[in-house]
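Engineer: Whatever position you read off the sequence shown (first residue = 1), add 3 for our numbering.
Don't take every hint at face value.
To be verified - Straight line, CA to CA, 25 Å or less: simulated DMTMM-like cross-link-like pairs of lysine to aspartate or glutamate:
(1) K6 with E63
(2) K70 with D7
(3) K70 with D22
(4) K70 with E123
(5) K6 with D22
Said to hold, decoys possible - Label pairs and their in silico Cβ distance ranges:
(6) S74 with P154: 49 to 55 Å
(7) N277 with I202: 25 to 31 Å
(8) L293 with P152: 38 to 44 Å
(9) F71 with V180: 20 to 26 Å
(10) V337 with V14: 22 to 28 Å
(11) Y333 with N64: 49 to 55 Å
(12) S74 with D275: 50 to 56 Å
(13) I202 with L62: 54 to 60 Å
(14) V273 with L32: 26 to 32 Å
(15) V273 with N170: 33 to 39 Å
Since the hints were derived computationally from the structure, they do not count as laboratory data. Just so we're clear, the structure is a prediction, and the values are computed from it rather than from any experiment. No residue lacks a Cβ here, since even glycine has one placed at the ideal position from N, Cα and C.
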Amino acid sequence: QFKDWYSQYAVQFTIIARDNCSMPYSVYLYGTRQNTSDITLSGAGKYTLFVQPMVNCLLENASEYIKFQLSSSQVMLGITPTMLALLGASSEELCLFAVIGRRRLLGLLLSAASPSIYTERAFKYQDGDKVLKELESNHVNKDTVIKGPRPLLVSLEYIAVLGAIANIATVNWQLGVKSINAINANTVFMPMLWSFFGIGVHLAGAVVFDMRARRLTKENKPLPRLNPSSLLQALQKRIKSPRPTICNMFTAFGNMISREFFWERIQFTVIDENRCFTFLAWFHSVLVILHIIFGTLILSSTTFIGPADARGIMIRYIVSVVICRIILVYELAVL
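Please put together the full structure from these sequences, using the hints given.
Structural biologist: The structure is reproduced here in structure tokens:
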């Protein structure tokens, strides 16, 4: 921290840090409690004791106009998580694609590349059939999707998703290194933590979705639900199998790759609700809202960013979210 800055005010902060804040910067790098001000008077906490003098010095020597610009950037960044949530995919859509469509790898990558989760209303849950009907009502169907060689299209999807992940990771890392977050000023991982929180919310949504919908076999029978006992039984069968376990692993990997690159029509059935599902669905709805609030707190607490740089950050977030949304809508349309 305090070495690299966002471009709009990089020159100003570099000069201030070099000419006016050399002593606080040395305290930040090598300081002890003996050469810092009193915690109560400075406003620093237990873990921000060495960061606070440098932040205070930079703000004291910056012009009022720069401070005004920094405040406007915080407002701009603060509304970003809500904007991304409106643009992004819902947990039900992504879980339908990953759980029922069995595109788990691409689904996991999509959840990592899009730090946003759409929610319509709290405690409202959409079933898989309603998701597909909504796509049809929006005129997204097989007649409107791009036709072409399936392996080529999937390869392009993976390239786009990996690019979106690299974009999100770079933005989050730069936010941590080139700025200061007021929530936890001595760390650089708060934006990255928000993205990982989103992945966890999607994984929780997959568990909830598996309790509500089940893929049908070729005989139109629901597939058995995975649970710890069934996984243990499958593992025991693999161990007792006459074929080496490594061969089974390669076979499973080959089947997964086949599902990723070659289209297969799926059918699923909706399972009746129970109390456990209702509780978990409500809990997941709360997690989605907390994810938006958490992102708002983190981004609105980030300072030393000019409005021009804040716009660039917003655009990069939006680009990744839109890419993931386009891929997901296309894949759901061809299910």
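Engineer: When the hints from earlier in the document are held up against this structure, which numbers fail?
Structural biologist: Checked against the structure, the hints that fail are numbers 4, 10, 13, 14, while the rest are satisfied.
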